[in-house]
Amino acid sequence: MMGFVINIVQMLLLVLAAPLLRGIISKLKAWIQKRQGASVWRPYANLWKLFHKEELVPNTATLIFRSAPVVAFAATVVAAAFLPVLHPAAFLTLDGDIFLFVYLLAIGRFAMSLGALDGGSSFGGMGSSREALVAALAEAPLFLVLTALAILARTGSLSEIAAWTIRQNFFDVSTVHLLALAALAIVAVAETGRIPVDNPTTHLELTMIHEAMVLEYSGPSLALIEWSQAIKLNLLATLMIGLFAPWGMSLTVTPLGLAAALGTYALKLACLVIGLAVVESSVAKLRMYAVPDFLRVASALAILAVIFTAITKR
Amino acid sequence: MIGLLLILFLSSLLFLAVFAGLAGQGRWTRAFVPGFLICSLLLGLGIAGSCFLNGRTINLDYSGHLPFALGLSMDRLSGFFLLLICGLGIPVALFSASYAEHYTRANWKWYWSLVALFILSMVLVVVASTIFAFMVGWELMTLLSAGLILIEGDGEDRRRSLFLYLVMMHAGAAAVFASFLLFVPYAPALTLAAMRAAAGSLPAHLRVVIFLLSFAGFGMKAGLVPLHFWLPKAHGIAPSPVSALMSAVMLKIAIYGFIRLTFDILGTPQIWWGYLIVVVGIVTAVLGILYALAEHTLKRLLAYSSVENIGLIFVALGLALIFEARGLPILAALSLTAALFHTLNHALFKGLLFLGAGAVKHTTGTLDIEELGGLLPRLPGIGISFLIGCAAIAGLPLLNGFVSEWLIFKSLLHGSVLEPDPAVPLLIGAVALTSALACACFVKLYGITFLGRPRSDAAKYVVAAPENMNLALVMIAAACILFGVHPGVALHPLSVLAGTMIPNPTSPPEIASISRMMPLVAAAIALLVIVVLLLRKPASRSVNTWACGLPGLTGRMQYTATSFSKPLRSVFAAVYRPERKMDLEPPDEPYFPVNISYRSVRTTSFEKTLYRPIVDGVVAVARQLRRLHTGNIQTYLLYIFLVILSLLVVLRFA
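Heads up: the protein sequence lines correspond to chains A and B, in order. 434 is the number of the first residue of the first sequence in the working numbering; add one for each residue after it. 377 is the number of the first residue of the second sequence in the working numbering; add one for each residue after it.
The shape of chain A in the complex, shown without the other chains (with noise of 0.2 Å):
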């Protein structure tokens, strides 16, 4: 029962403080950038604000345009159930939910698409071309550095390859976790539309990708949409963590377990976003045509993985 309440926390925890995560993202690039920043509950403030506004729609729009924000956000926070944060299990798990779990994200991305497309401009043809390139590229490492982790726990199920990493040593480092973490971030950075592969804070024509895809969008659809992008964002941080470094985890069901383990998952996520600000204040976005390469890199990675695996295994 206790473990039941936790799963739900948990996956309350990933929708909820999704936000924050974005608010103190930002804070952090501004301090790199030597500005005040805004406060950390900023985003917040622009959920409400959105929420309570009127929604302005295209006139040529069909009924896709209001629901695929609708539809996308339910998967991506029905996605956040299938992952570990606070203990190694999950509200749903299943063997084999690694493939549920990307394929619910692809939900958001279709439905996405097709409302980008039901606006009737060019930006929103162009954002959801351009999406679909990067997303047709980042699939296959996704599911290759899936894939190699699964191989190693010999276990399909997000909950169960945490469960079995934090019986490994810590300091028993494998090479297939390092190239499949270096696919993982590429992948992560593509899949979240952060630089360098799309710029979140960009609205000029010839690099955006995410921003023209939702460039139409307004009020409530865009707070909705604003708030799938963030949560989306945790969940590949949650993914990172829970697939590399699940230590800390409680693995009892104790007051004090669970808050050391909500601790030390703050400590990681911390990590990760003061890794993604000093890497988006200092490089560059990349031309659209390189990000193809920058995914083979990631792809490369993957298939690195995959193989070292069969080397390691016996």
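By construction, these hints were calculated from the structure, which means they are not laboratory data. Every residue gets a Cβ at the ideal spot worked out from N, C-alpha and C, and that includes glycine. Heads up, none of these hints are tricks.
Covered stretches of chain A (in silico footprint by chain B; criterion: 3 or more residues with CB under 8 Å from a CB of chain B, positions within the stretch not fixed): (1) 503 to 514; (2) 569 to 576; (3) 651 to 660.
Chain A is already provided as a structure; the job is to place chain B on it using the hints.
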């Protein structure tokens, strides 16, 4: 009793073919023919269901009473494929009732007559228990579909495509027939039962030859790369309901033949058979979807996507063979179930999409997606069902395509945990790439065709879709949702079916686990959607799309299908090898041209490097052989004399 019903079913189809050909064409006939076809297909559905779900078997043998070996039999496997034929036949018949309305009298007769016979021929293949009946059905299937293609005109292009189709189908049939004939010394009766009994005593090298021949023959019919060449040509020009039948059902008949021969009759495979099939399958899948991505004609795009899905089915079949050869029956059953379920799913969503393409053609008059756009508000029923089809084929959860793809991934994952070599896990990457490209491809197809603004008057002023068409599409879309949300309905009987061909102790655990998980995920997503919809402010204001401050946007300012797929096409340029040609007019004034024409022709490398030499070789041989035909009667008499003489010599010494 059920045997009699089967006979009744077959004869009702035959009756309908004759009736449609002979009857007049009052309103009564026009309603009666589709209605009767649907009724007899419902009868077939009942028979199929009782064989597939309850395991009833039928065995009828008329060989003793007839000059040829005609026998009919049904088991779970035939039941499943009969279910596909009848299940898809019903919406197709319903759809055709409206689609064929604009045909001339003669064409209308031909259409219904041939459709009934075409369905009959496919039914004959799956219920045949003798090779004679099987091959008759197999050949008729090709010829009748070719006849149906000719109904919508026989211009030069269509004839060429049709000729290619017939040539390749006959080459395939020859390979299939040869693989059956190799059984003759061991099973002279050439019935399925006799061949199954004799399979154990076949020498090893013969088994290999039989396997390879059947793989080539059935693979050609199914459209495996590099034998897929005919498929987009033939499926692209057939009347849309017929394309639906060809893509959704006829390709599956080839899968039936392959499963019947390899899993049911031959059994005990070797590991490399599995690897061969998996490699061919994955190449087919990746190339198929890449070609689909570059297509901008609705039906050709769908045809290439069929190539992709056939590839995925063969990947699963190959894995099943690998696991069976390794002595892992539970995993083999899992992969075979995945293959069968994907067969079912592809039949559903591809039937849906081809019928949707037919509806688009019927209401707008064009299949070129660059001319379309904004169809969803104009054709809501078609548009929503088509969306479900697109999402299902892209493999999104809550729809049937996801479940079978998940099963394929799971089989591959099992394979990677067990296999010592890294080739199998790398396949997961390839399948993931395929599925991501499919997602992009169907976003393009749906977004450009149904969303945004109309790109031409054809798309702007559409006629309303007839109710029949809406109903036919909604029926299939409902099935896609049912099998996606509650896959257990189909998966449990399918795993029993897989168990009949691979003796395994227990059903794979994945069947139960995914059947439990999908309703949960569906409920969670539905709940969240409802909550958000209830909380969200319903009010919204309709405004003009932002046009950077300019007065207004037109349909031509939107992204086109070509521009949508451009980034991916340039990444995979090595596959496409487009030939671009730009002409400036006048040629000596590069800076002030009057006229610029640009052409980009994509000929697949297969055409150049594989087919052209073969065709040239055949033509060269034919040219040499032509020398024998002098037209001189004395020469022909000499040939006859020489043949008789050599026969006598051979018979004397042999």
